[in-house]
Amino acid sequence: MNPVQQAIVWLNDPLNWSIPGGILDRLGEHLTLSALAVLLGCVVAWPIGLWLGHTGRGGGLVLLVSNVTLAIPTLALLTILPLTFLGFGRPAVVVALAVFAVPPLLATAYTGVRQADPEARDAARGMGLSGGQVLRRVELPLAVPYLAAGFRTAAVQVVATAALASFVNGGGLGQIIRAGFGLDIAAGGGQIIAGGVLVAGLALLVEGVLALVERAVTPRPLRRARRAATRRAADATAGT
Amino acid sequence: MSLHLSYRAAPGNPWFSWQYVRDNSDTILAALREHTWLTARAVLIAALVALPLAVAAYWFRSLAGPILALTGVLYTVPSLALFAFLAPYLGIGAITVLTVVALYALLVIVRNALAGLNQVPPEVREAAEGMGYGRWGRLLRIELPLALPGILTGLRLATVSTVALVTVGVVVGRGGLGQLIFAGFQNNFYKAEIMTGTVLCVLLALVLDLILAAVGRMLTPWLRRRSS
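Protein chains in written order, with UniProt numbering: chain A, 1 to 240; chain B, 1 to 228.
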C-alpha cells in the first residue's frame, strides 16, 4: 500500500475519529486553542493599533513589531513560554500563538484608522466631537473593512501555526502528524499524510469561511478598500 | 505548575549560560552552519523559480490570477502539513526541509516581484518601446532594474521568514538551530540550549537581512542619489 492509500484507510477507520485523543478530540483542542489565541490577540492589538492610528504616531513601532515577530521562530516561543511563569499547558500555547496574531491585527487597525478621510475627521472635529468620539464614531466604522481583513489573516495564521503546538504536547491536530512521525515513515506514513490533510483542510476551510464573513461585513462602497487591506494584512506577515 | 516552580528555583538551569555555549560550541556551530546553509539554498532556489513566474505573470495578465491564487493557497497550508505531505515521499532529511521552506519563500518573492514590475510607469514602458527595445531588452534593461526595490523587499521578507521556518524541520530531523531548541526542551528543559538556539536564530535573520539590505543599496545607486 502506498502512503496515500494508507492515509485513506486511516481516515476511514471510525475508531481513529472517536477514540480519546482521536481526530474529534484534536479538532476540538485545535479550535479552542486558536479561538483563544485570536481573541487574546484582538484584545491586545486592536486598542493599541486604533489608538496609534488615531494619534498618528507609532507607524515605526507597528513595522518593528511585525518585523521582529517575523524573525522569531514559533517553535522557540512554544518551548520558551511553558518554562516561564505561564507554566505548562494551554495558557503558554495560547500566548505563543497570540504573539503571531498580533502583527496583522495591529497593522490593519493602524492603517484602518490612518486611511480614514481627513475631511470626515475634520468635519467631526468641527461638529465638536472630542478625540475619543472621533475615533469611536468616525474612524472606527471606516476602519471595519481593515479590521475584518486583519482578523481573517490573523485567524488563518493562528489555525495554521497551532499545528506546531504538538511539538510541546500542546494538543491540536498537529498531534496526529507528530504521532505518525513517531512511528517512523514506513509505518506511520499514512497517518502523517492523513494528519496533514486534516490540518491543511481546516486551514483552508477557515480561510474560506472567513473570506465570506469578511465580504458580508464590508459595505459595498468600501470593498475596494477591503482588497487593499487584505494585501496590507498579508504583507505584515509571512511564514507560518 | 509545581514542575516549573522547582525549575525556576533551581540555580543550575539559567536562561543564558556562557558555560553551555563554550562547552557545546561544536554542536552549536554545526547547527548554525546547517541553518544558514538551508536558508541560503532555499531562498536561492525560490528566487530562481519565482522570478520567471513573476515575469510570466507580468507579461501574460491571464496567468497572474492563477499564479497568485496557487501561491496563496499554498501559503494557507500550514508548514507542518506540508512536511506531512512531502516526508513520506522525500524521506527524512534535508531535501524535505529545503522543499517546504522554498515553497513558502516562493510566494513572498513572486508577490513582491510582481508588485515591483507592475509599478513600472506606463510612460517609461512606452518610451522604451519607442526607443526600439524588444520585449526581452525592455525587461532586462528597464523593467527589472526598476522593479529591483520590490524584488529585494520580497527577498528580504522571504529570507527572514525562512530562517524562522527552518526550525520546523526538526520534525524530519533537520531543523538547524531548531534542533537545539527542541533538544533543549526534551532534554529536561535545558533553558540555556533553548535560548542559545533562539537568539542565534533571530541574529541570523537580522544579519542576513542586513546583508541583503546592503546588496540592495549597492544595486540601486539611483535611489540613494535621489534621496540625497
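Treat each hint with caution, since some may be false.
Chain A stretches covered by chain B per the calculated footprint, using a threshold of three residues with CB under 8 Å from any CB of chain B [as the list claims (entries may be wrong)]: (1) 95-105; (2) 171-185.
To give a feel for the contact side, a few chain B residues facing chain A, derived at Cβ under 7 Å [what the hints assert, rightly or not]: (3) Leu80; (4) Ala84; (5) Ile95; (6) Thr99; (7) Val202.
Over 10 Å on every C-beta distance to chain A, these chain B residues come out as not near it, computed from the model [what the hints assert, rightly or not]: (8) Asp26; (9) Leu44; (10) Ile45; (11) Pro78; (12) Gly91; (13) Ile92; (14) Leu140; (15) Val163; (16) Val170; (17) Gly175; (18) Phe185; (19) Thr198; (20) Cys201; (21) Asp209; (22) Leu219; (23) Pro221.
What the hints contain is simulated information worked out from the structure, not anything from laboratory work. Yeah, the Cβ is synthetic: ideal placement off N, Cα and C, and Gly gets one too.
When the structure is checked against the list of hints, which entries are broken? Sort them ascending.
Per hint list: 1, 5, 6, 11, 12, 13, 15, 16, 17, 18, 19, 20 and 21 violated.
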